[in-house]
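Peer 1: My request is simple: use the sequences and hints to build the entire structure.
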Amino acid sequence: MTVAETKRIQIGTYIFQRLAQVENLKSIFGVPGDFNLPFLEHIYNVPQLNWIGNCNELNAGYAADGYARINGLGVLTTTFGVGELSALNAVSGAYVEGSPVLHIVGTSATTAKRANNLGVHHLIPNKNTWDASQPHDVYEKMVAPFACVIEKLYDENMDTLQTQIDNAIETVYKQSRPGYIFLPANMANMTMEYDPSKPLELGKYFSNVSQAEDLAQKVLDKLYEKEFAVIADQWWKTRRAPLNKFVKENKLHCFSSYLGKSILDESNERFHGSVAGNLSCAGSREALQKFELAVHFGVVLNEMNNFGYWYPKDDVKEVIEVGKDFVRLDGELHTGVDGEAVFDFMMTKLDASKIKHDESLVLPGKPGVEQCQDKSKPVTQISLAATVENYLRPNDVLVSEMCSFLFSTPDIKLPSGLTFISQNYYGSIGFALPATLGASLAVKDSGEDRRVILVEGDGSSQMTIQELSSMIKYDVKPTILLLNNEGYSVERVVLGPTRAYNDIQKNWKWTELFKTFGDVEGKSVSTRVDSVNALEEALGKDNDKLKFIEVGLEKLDVPWRFGFLCGKAKK
Numbered sequence: 001m002t003v004a005e006t007k008r009i010q011i012g013t014y015i016f017q018r019l020a021q022v023e024n025l026k027s028i029f030g031v032p033g034d035f036n037l038p039f040l041e042h043i044y045n046v047p048q049l050n051w052i053g054n055c056n057e058l059n060a061g062y063a064a065d066g067y068a069r070i071n072g073l074g075v076l077t078t079t080f081g082v083g084e085l086s087a088l089n090a091v092s093g094a095y096v097e098g099s100p101v102l103h104i105v106g107t108s109a110t111t112a113k114r115a116n117n118l119g120v121h122h123l124i125p126n127k128n129t130w131d132a133s134q135p136h137d138v139y140e141k142m143v144a145p146f147a148c149v150i151e152k153l154y155d156e157n158m159d160t161l162q163t164q165i166d167n168a169i170e171t172v173y174k175q176s177r178p179g180y181i182f183l184p185a186n187m188a189n190m191t192m193e194y195d196p197s198k199p200l201e202l203g204k205y206f207s208n209v210s211q212a213e214d215l216a217q218k219v220l221d222k223l224y225e226k227e228f229a230v231i232a233d234q235w236w237k238t239r240r241a242p243l244n245k246f247v248k249e250n251k252l253h254c255f256s257s258y259l260g261k262s263i264l265d266e267s268n269e270r271f272h273g274s275v276a277g278n279l280s281c282a283g284s285r286e287a288l289q290k291f292e293l294a295v296h297f298g299v300v301l302n303e304m305n306n307f308g309y310w311y312p313k314d315d316v317k318e319v320i321e322v323g324k325d326f327v328r329l330d331g332e333l334h335t336g337v338d339g340e341a342v343f344d345f346m347m348t349k350l351d352a353s354k355i356k357h358d359e360s361l362v363l364p365g366k367p368g369v370e371q372c373q374d375k376s377k378p379v380t381q382i383s384l385a386a387t388v389e390n391y392l393r394p395n396d397v398l399v400s401e402m403c404s405f406l407f408s409t410p411d412i413k414l415p416s417g418l419t420f421i422s423q424n425y426y427g428s429i430g431f432a433l434p435a436t437l438g439a440s441l442a443v444k445d446s447g448e449d450r451r452v453i454l455v456e457g458d459g460s461s462q463m464t465i466q467e468l469s470s471m472i473k474y475d476v477k478p479t480i481l482l483l484n485n486e487g488y489s490v491e492r493v494v495l496g497p498t499r500a501y502n503d504i505q506k507n508w509k510w511t512e513l514f515k516t517f518g519d520v521e522g523k524s525v526s527t528r529v530d531s532v533n534a535l536e537e538a539l540g541k542d543n544d545k546l547k548f549i550e551v552g553l554e555k556l557d558v559p560w561r562f563g564f565l566c567g568k569a570k571k
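According to our numbering, the stretch in the sequence shown is residues 1 to 571, in order.
Calculated directly from the structure, the hints in this document are not laboratory data.
Worth double-checking, as some hints may not be accurate.
Derived pair list, reagent style DSS-like, types lysine-lysine, alpha-carbon separation capped at 30 Å [as the list claims (entries may be wrong)]:
1. Lys218 <-> Lys251
2. Lys218 <-> Lys349
3. Lys413 <-> Lys545
4. Lys377 <-> Lys555
5. Lys349 <-> Lys204
6. Lys251 <-> Lys413
7. Lys251 <-> Lys317
8. Lys473 <-> Lys515
9. Lys506 <-> Lys444
10. Lys541 <-> Lys377
11. Lys375 <-> Lys545
12. Lys515 <-> Lys477
13. Lys473 <-> Lys547
14. Lys545 <-> Lys377
15. Lys204 <-> Lys226
16. Lys7 <-> Lys113
17. Lys226 <-> Lys245
18. Lys26 <-> Lys547
19. Lys226 <-> Lys290
20. Lys366 <-> Lys226
21. Lys545 <-> Lys473
22. Lys222 <-> Lys349
23. Lys509 <-> Lys547
24. Lys356 <-> Lys313
25. Lys444 <-> Lys547
Peer 2: Here it is as structure tokens:
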């Protein structure tokens, strides 16, 4: 047995070199601060990576999330305390939504931690005002519920640094949830020993493979008994390609959950829309009820996916659940098992000849929205959904804010290869605009020819509008539909339709914003539309620029689904 030959490298450079080894990862988001500045200097030692400076740390977190949803990993770096806490809302949202975001935090120097008598800035003081010692790990403790991995680097553990850094990257990538590396400010320039022959293990499973293989066979044996339907949910986005292959090659009828939107190819003739009880797409629930057996991949159980009261088992006699870290089969729950490993074994063990089909089965309904008959009329939520559906093309990226339009998206039939990004579950308004910056850069970094389209509310955009300037700075060209309904229409329908708390400053000059945000070279074009004809015309031109289209809507006009959910409308 030969001993691996080790080399020495500065810690900051090693971290960036490892990140550059992740496929298509070329952009690092964040905001500089005095505790991460020494680390940031090392990005210039790794020419494959680009620094993307955001307007604030919250936006950097949202942008890293959007980037991760396209390219598989997003990275941001901030200073500790004031920087990392500003980003925490974005990291929390990424955890809820299952987005792989690595947050590298520059912390107080190890010398300051050991001395602990300096009254370090950005750090909360001791409760006793006469005592200069401080809890240097206070913020590190706070993030534990929002992270799948936390690695605290320290100069007393130099021999474990490669393992710790690699583990953080690998775990975030595999678990598809955020994680942290805490890097003391004085350690970025220190040298560490590392084994250059050791690769990143980004494809590893996190659980016992033999258990997964056994469960895979049991699931298949059950599926062979009768015709079954497939339901795709949020945690299966990393298995999009093999799941669609499984569905198409075996001619399986399939459905998506709301959080699973765009995982399945909706151009497939056997795709029957999104299901969520009475809030399902037209005909989708009735189609699902035709089956006595279904397999539900990537299960997510929450009120925004199931609208509080409905589960697939309410409409199907027997449902097999293959989740992120569990399998539920024949009433028995198996935990601690990698669901993706179970699925992969299912694909290798599958005997397609045993899959049953009822050729006489006729299923109602197909996804798609009501088309507009008079395009000279003002834009409504119904005609907006139809216009967006008609505008989309294969392989686009569609980003929706947690705004009124989001509740139309289950009805929109998406073209093949489209990726849909939203924050349905966590629902932090303001997410979508910076996430669009991240998604646009991810598309650019991957070298793919994909359009990015954002549908954004006026109220939510006021939370994070600064990143329009970053879009100009970093030369990305999404199409942005800014829905101007003069405030928080979703909240108006919930409560207080005329209350001041649902109002915003409605007199923004939306179409003039890019002048303020530095577009001196004419990279963008902005326009206001009120009719469907005008909206279609604006969408159809200036395709070589960042398009910003302000769309006028009525204050209380919301999609049927949201009105029904609030008890204010019929289906």
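Peer 1: Could you run down the list of hints and mark each one as holding or not?
Peer 2: Now the hints, each set against the structure:
1. As the CA atoms of Lys218 and Lys251 are separated by approximately 21 Å, the hinted pair is consistent with the 30 Å bound.
2. As the CA atoms of Lys218 and Lys349 are separated by approximately 11 Å, the hinted pair is consistent with the 30 Å bound.
3. The suggested pairing of Lys413 with Lys545 holds, with an alpha-carbon distance near 26 Å, which does not exceed 30 Å.
4. For the suggested pair Lys377 and Lys555, the alpha carbons sit about 16 Å apart, so the restraint of at most 30 Å is met.
5. With a C-alpha separation of about 20 Å, the suggested pair Lys349 and Lys204 falls inside the 30 Å cut-off, and the hint holds.
6. Pair hint Lys251 plus Lys413 holds up; C-alpha atoms about 19 Å apart against a cutoff of 30 Å.
7. For the proposed pair Lys251 and Lys317, the alpha carbon gap of about 21 Å is at most 30 Å, so the pair holds.
8. Note on Lys473 and Lys515: the hinted pairing holds, with a Cα-Cα distance of about 13 Å set against a maximum of 30 Å.
9. In summary, the hint linking Lys506 to Lys444 is not supported, as the alpha carbons are separated by about 34 Å, beyond the 30 Å threshold.
10. For the hint pairing Lys541 with Lys377, the CA-to-CA distance comes to about 21 Å; that is within 30 Å, so the pair holds.
11. A hinted pair counts as satisfied when its Cα atoms are at most 30 Å apart, and Lys375 with Lys545 qualifies at roughly 25 Å.
12. For a cut-off of 30 Å, the pair hint linking Lys515 to Lys477 stands: about 16 Å separates their Cα positions.
13. The hinted pair formed by Lys473 and Lys547 meets the criterion: a straight-line CA distance of about 15 Å does not exceed 30 Å.
14. Distance check on the hinted pair: Lys545 and Lys377 sit about 27 Å apart at the alpha-carbon level, within 30 Å; holds.
15. For the hint linking Lys204 to Lys226, the alpha-carbon distance of about 33 Å lies beyond 30 Å, and the restraint is violated.
16. With a C-alpha separation of about 28 Å, the suggested pair Lys7 and Lys113 falls inside the 30 Å cut-off, and the hint holds.
17. Taken as a hint, the Lys226 and Lys245 pair is honoured in the structure, with Cα atoms around 20 Å apart against an allowance of 30 Å.
18. In summary, the hint linking Lys26 to Lys547 is supported, as the alpha carbons are separated by about 25 Å, within the 30 Å threshold.
19. A hinted pair counts as satisfied when its Cα atoms are at most 30 Å apart, and Lys226 with Lys290 qualifies at roughly 12 Å.
20. Proximity of Lys366 to Lys226 is assessed by CA-CA distance (about 23 Å); at most 30 Å being required, the pair is judged to hold.
21. Between Lys545 and Lys473 the CA atoms are separated by roughly 13 Å; this keeps the pair inside 30 Å, and the hint holds.
22. At most 30 Å may separate the alpha-carbon atoms for a hinted pair to count; Lys222 and Lys349 meet this at roughly 13 Å.
23. Restraint check for Lys509 and Lys547: satisfied, since their Cα atoms lie roughly 16 Å apart, inside the 30 Å limit.
24. With a C-alpha separation of about 21 Å, the suggested pairing of Lys356 with Lys313 holds against the 30 Å cut-off.
25. Among the hinted pairs, Lys444 with Lys547 is consistent with the structure: their alpha-carbon atoms are about 17 Å apart, no more than 30 Å.
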